[in-house]
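Chemist: Assemble the complex: chain A is given as a structure, and chains B, C and D must be docked to it using the hints.
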Amino acid sequence: MRPAGWLAVCILTLCLFALLGCTPEVVREEVVREVEVVVTATPGPGGSAQTGQTSAPVGQAPDPTPGQQAASTTQPAAATPAPPTTTDATENVYQLGISADLTTTNYWAYLGPDGTIWNLYVLGGGKPVLYTYSAQRFDWVPSLAADFPTALAEETVGGQTFWTTEVPLKQGVKWSDGNDVTAEDFAFTAHTAAELELSGNWPSIVDPEFFDHAEALDPYRLKIFFKQKPGLARWQFGQAFMPILSKAYWEPVVAEAKQAGEIIEQQKALYAHVPENEPTAGGFGFSKWERGAFAEKERNPDYYFADSTVTQYASGAYAESKPGAYEFAAYGAPGGDKTLEYTTGPYADSAIYSIYGSQDATVLALKKGDIDFMLNPLGLSRGLQEQLEGEDGLTVIENPSTGVRYLGFNFRREPMDNKAFRQAVATLIDKEFLTSTVLQGVAIPMYTMVPEGNVAWYNADVPLIGQGLSRGERIAQAVQMLKDAGFTWETEPRISEDGRFVEQPGEGLKMPNGEPVPEMDILAPSPGYDPLRSTFAIWIERWLNEVGIPVRADLTGFNLIVEKVFDQQDFDMWILGWRLTLYPDYLEAFFHSRHAGLEGHNAGGYNNPEFDRLADQLLAETDVETARQQVFEMQAFLADDLPYVVLFDTPLVEAYRSDRITYPYTDSLGGLQNASGLTTLVQFK
Amino acid sequence: MTSYLARRAGQMVLTLFLIVTLTFFLVQAQPGDYATFYSLNPDIPAEAREQIKASFGLDKPLWQQYLVHMKNTFTGNFGVSFGHYPRPVMEVLAERLPRTVVLFLSATAVSFYVGFFLGKAIAWRRGGVLEYAATISGATLFTAFTPAFALMMIWIFAFKLGWLPVGKFLDPLIWRGAEVSANHVFSYMLATAAVFIAFAFLTLLAARKLGRLGTGRMPFLVIAGGAAVIPIVWAFTGVGYLALDILRHMILPIATLTLISFAGTMLLTRNSMLETMREDYVMAARAKGLPEKVVRDRHAARNALLPVITSLVYSLIFAIDGSVIIEGVFSWPGTGMTLLEAVRSEDLPLVMGSMVFIGLFSLLAHVIVDVLYVYLDPRIRYQ
Amino acid sequence: MIERPPNQPPPAGEGVSLFGDAPEIDLSRGRVDLTLVRLRMAWRTLRDGWAVFVESRIGVLSLAIIAVFALMAFSHPILMATVWEPDVYDPVTGYAFDRFDHPAPPNWRHPLGTDSLGRDILSQLLFSAKSEFILGITAALVTVGIATTVGAVAAYYGGLVDSLLMRLADLIIALPGISLLIVLSALFNLNLFYLALIIGVLGGFGGTAIILKSQALSIRVKPYIEAARAAGGSHFHVIFVHIIPNLLPLSLLYMMFTVTGAIFAEAVLSFLGLLDIRMSWGIMIHTANVGGYLLSGANYWWLVIPAGASITLLCSAFYLVGRALDEVVNPRLRRHDG
Amino acid sequence: MPMTTADTEPVLKVVDLSLSYLTRQGPLQAVQSVSFELGRGQSLGLVGESGCGKTSIANCLMRLLPDNGRLTSGQILLDGQDLVPLSEEEMRHFRWGQMAMVFQAAMNALDPVYRVGQQVVEAIEAHGVEVTTAGARERVARLFRMVGLDPQLMERYPHEFSGGMRQRAVIAMALACDPSVIIADEPTTALDVIVQDRLLRELKGVQRELSMSMIYISHDIGVVAEVTDRIGVMYAGRLVELGDTADVFGAPMHPYTAALMSSFPSISGEKHELETLPGEPPNLANPPAGCPFHPRCAYATEECREEFPAQVQRGSRWTACWHPLTDMAGVGQ
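Residue numbers (the working numbering), protein chains in the order written: chain A, 2 to 686; chain B, -1 to 381; chain C, 92 to 429; chain D, 8 to 340.
These are calculated hints, taken from the structure and not from any lab test.
In the DSSO-like style, the derived pairs of lysine-lysine whose C-alpha atoms are separated by at most 27 Å in a straight line are:
(1) B/K158 - A/K369
(2) A/K484 - A/K420
(3) A/K269 - B/K69
(4) A/K259 - B/K58
(5) A/K369 - A/K289
(6) B/K158 - A/K686
(7) B/K69 - B/K58
(8) B/K58 - A/K565
(9) A/K420 - A/K565
(10) B/K58 - A/K269
Pulled a few chain C residues facing chain A out of the computed Cβ check, cut under 8 Å:
(11) V183
(12) T184
(13) Y186
(14) L208
(15) G364
(16) D367
(17) R369
(18) T378
(19) G382
(20) G383
(21) Y384
(22) L385
(23) S387
If you're wondering where the values come from, they're calculated on a predicted model, not measured in any experiment. From the three backbone atoms N, C-alpha and C, an ideal C-beta is built for every residue, glycine too.
Chain A extracted, bound-state conformation (with noise of 0.2 Å):
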């Protein structure tokens, strides 16, 4: 470089280290908050409320995810100190790390389209609801409503006959604009979401086949109108979670909406539109979004919810106050032990969402400090774990997760077909092996559809098919199965000795009916999408032709098997998973026969009118205590009649800076991100 390069060099170096001197402190003087009064009225859950409910295909990206239930332990609360009264000099940024952008701040478009698990992070719990699960339990419990709804009955009104309800509502809840949170605000955003036929999350959230109109038949007390009568799954765990919309801001923009033409463009217009200082009447309210970099949440001075103290029973009773404004308990009279105790806040007075491109720069950016916690769907992978937990200042949780992996069959060939196949193939499979030896506890054998953390719909009791047994064991019993059914071998397998290892492979397998059982291929995610699912796929495929049932496991990419499973239905057996949620009416979208046409969700065709009548049942059911016996009910039949075979799920692990900042409680379903963050009752050190 020449002399005058260097000069410039030099020059511009120091000019920019002058500037660096001047301008530091820009950032610090903006924030100081008020300290806000809490009015009155009614109980709020301290987390968010949850919205969307999707079971969608796992993948590694964003699908929409709530849902949670209690895990069974649970600990003493801590002891929580006094709410965020005063003012401190230093301010509390809860930072949390997330791995990709939003993409949108509309919440129409999040429930709609753009239904992504980080929107749900950042964007969940922002809006009243009416009811919402309880933290850790996962009982129903309301939230703006203040007490239970009035049982459905029937009504006739100018000759159509409506199912209907009454809400009654809690006085004081303000949104940020000054303005009550009313039964107009709830009956506004219902109809939007039926008029304008809005999509994504929506239809299961308001149903138009259920819902027929709301009515506010006075700012706080709401009537429900549906047009027949909802089962659980429409009303008490559907229409009584959606999330609530300011009235007076939205009005005007879904007014300009409709009159974008089709229906389509309307619906276009309302998600493109971009929120400026939309009300919020949740803990905190959205104040920034540098895109691509973080979004932050500031927090609401007037949250209705911070001081309410919530108390749960390890009788089951659920207590929640907040003194000067309303007090209630339900599931039994509060007293006795004490599970959990907590009481909103909330202490931080932002919380900033942190953009990382990659697992790794997460982790690395918590363990420098960057991030108090990360929020992220699959949770911490073993080697990351174990890195963390021995790292100062870091404390690594783990919680049961919402999801499931399952083998499917095709019984549209034989010899899936065939129960005693299935079952043979549930036999040879050992899951325990799998998931504890192989894949070092990395993964939970599972035998039911609901995962055992969904505590309320969990049917232990379930036939459990092969646990227990030792390889040689299993192939007996699996060969015995299929001779007893009629099969044939040309060459019988045969076992060692110590009954260790298959001295012999069976050879020629042949069908009841005299044919040989065809070559069979087991789609399964390569091992570059999910090495957990394509080490499953490889060892069936190995247990398999021990025993001379020709199958190949096919590792493909995910979408080919979307392709060929759901939209061709052409395939033998696969192997995907699902996310759940807790109220497990997903059975019903699995295995009712109804589902079973193209595109259906029943893509393995699974037709049982025992089944289906099972299925029906439940949908209709409007009491969660018999609906509990359905779901028992269809959970043993399935396990028996085996349309999937249930194999594992994972863990969810996850860390926080111990160090900075403190939780009421962290065992819970799904983990702490199913609760966003806890945001509104993270305390600081």
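Modeler: For chains B, C and D alone, coordinates are given in the frame of chain A:
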């Protein structure tokens, strides 16, 4: 000149047309479609799924989709992104483009300079220890497994040593109070760079025209002066600290990209130098009693630069390519990350849009290099 | 248009060619004789080329590295057939039953330890070496096959054919390769063979074709081409017997670069989880990454270092051999006139 | 040693210069034991077939050898100062300042990316001949006029020059720093005959005018005859004959000189039969024993094949031959 530019523009449009067509049919030929991907939710009724398809224009026959796509592309919005529905692809890309451009142009410039500098040095002292060291380390870094290497760089410099930030292009704590958006600052930075480059270019051009034989240092002092003005101007804009924050975040990715990619330029320069050094004018320069450094830099390297500059196109394309791999590791959400994200979520319009953008970028790179070449080689004139 | 000196590294007009420049072909002689002469000349140029090549210490070292990897690739099936039980040592479905603390550190049964799924790393490494060679060499052969033909045809016929082929090449080099491959592999679930094919086709119709064409141009004007035409050789004959053999040395050079590119691309795509491959070095790193071991530094080095180092070593070895060959093919780069 | 026409100390004295190139085939003796002197204002021609080492000598004098060139013995005394042991940096001041060069292919001796004038100025500035840019420019203008170029042309690029103009520019460049010795290495090869002729005259004129010494290197013995006072004939890296131009031309002593003369048409147009020299020059990596010319020499005898001939001195001229022609013809004693 005008006819040259016209022809060049025509060529670009044609090439672009081909790229658009190619990507469209490529994407269409893939198995599976987006609507299925997004509607595998049992809670979404069949009608809603049809509706999703309709809203994405997937219900029309292929040729209509193609025409719509063509129209969208050439009217500039590239259609509507699936994953960011209903944002137009153009908007999504426009949001991310400045980040990629700022980072990867800087990185390419730095790596080009480093490569050229080392290349001429090792050619000049052929067979030296430096040549072996630079060739082996260069080739090793060039073929190092990029994602792991980038992560290692972060681990060392950001985590262990703590000198630099762990990826990202800004620090939320600094930016949360900022009045302007990062893209504003990025575009200011780009504008500054453009103005400065234009200024430097014009100065050199003027010096060439006016100073005629000028071998003097005057033009470089003028350019240095110009460079000195930049921070002062920035200090007055009030967002200087934000730009500095971005610059701080750029150091590590630039260093990484440079280490990865300097070898290509270096080895090409070396070969070009070895050939140039045999030219008579280099011997003539030495015979004239010019100092070694002058012979090397002003004569050998200056001429060796000519073929190397053509490879700048490939360096730029390489950098854009690298962005797909590197951006994720450095949490730098530019076009590369967008492409990857779009590909993974089957956001087909965004995939096509990104590819077209990347193609456009490389076409532009060609033009820029052509212009640069004309400036550097007086023998070349527009025909 | 801009008039400019030849792009790219100058294509060594006066380079050695495999069959010599055969300037004085005595057409009256018998074919057998001619072939013999050619062979002898080829042998001589090969010997001379080798002499130049061995001068590059880096080139020789790189060649040795490639040889080691080739040995590794060959050793895998042998080991599997002899000392390694498939149940334990299969690179994809094997499981080391002898211990359960996977990923296990190196021990006497597993010299490079096991991965998080209990599979032997050494076996994976050797197995993958074979895949990488197959991939690299397939891609390189396809590239060179296409590029030599395209280059020779474009140079020989000129005119429209030339323009079309060269514009196509321009289009292809304007596309960023990795990005394109990412799109392709994400959409089509490529396996190793298709990947090799695509890389080969892209390379063959792209940059390599341009370089080989300019070399072919310089061959086309040589007197013996004229002579061959005059003696009644068909176009096909001239292209395939006279032009293409003389392009081979330069083709060989670009084969090396293609191999590097192909192996690297495979590794990156596998790492991103976009390929339909059961085992490769890229998959090994991917497995480590998915397991969260990429950041663990020295603790789990055997999960990352062997595969990562193999990618780098083999890629740079091919690359450096290419560079050394460049000095053989392009005498202007040689250190001494000889 | 015989004195030349100029009765002063020689400005350049080359003593026993040997040069070899290291090649893959082994060392290649490009120049072997060459000695000559160049008087002030005198011009010396070096002729020989291509590859005989003439250009190597020129490069060697400027100390511009390629990497693999090795000076195995000898001295190069410029005004009494031996250039051989000088460091590169010390040598730099001798180049151009004391000894300049007109390159073989002027086409390539000018850097294509700089203006021609600038390239001359560069030399002037490097040697501090003129300190101001204006002064340097003035000087370039003067030099341009001297070689018959319009001074306006110094703003042009080399590719805008014709071959002749380029050669003139190169000559102007060589004159830039008033060197005491100019080495002209085939300066006119690429030019057509008419331009060549005019240029030669001008070169000669300038040399006389500035009373510089010149070494003129060419394979064309006719051209050399026109511009030089003395002539040296080289064969296979050795000087085989050296003498005043008129003498050598009048009566070549070495058979090679004679053969060389007869293979070129005389520039003055005298008609005589052209002979071609049979055979090829020897491979310098493996030269024949004895006189290197013997395989092609009609007069070769046994001793020619065994030992290199000693110098045969004839007044101010000498030759290295066992059978000098004049002896046989009985002339010149």
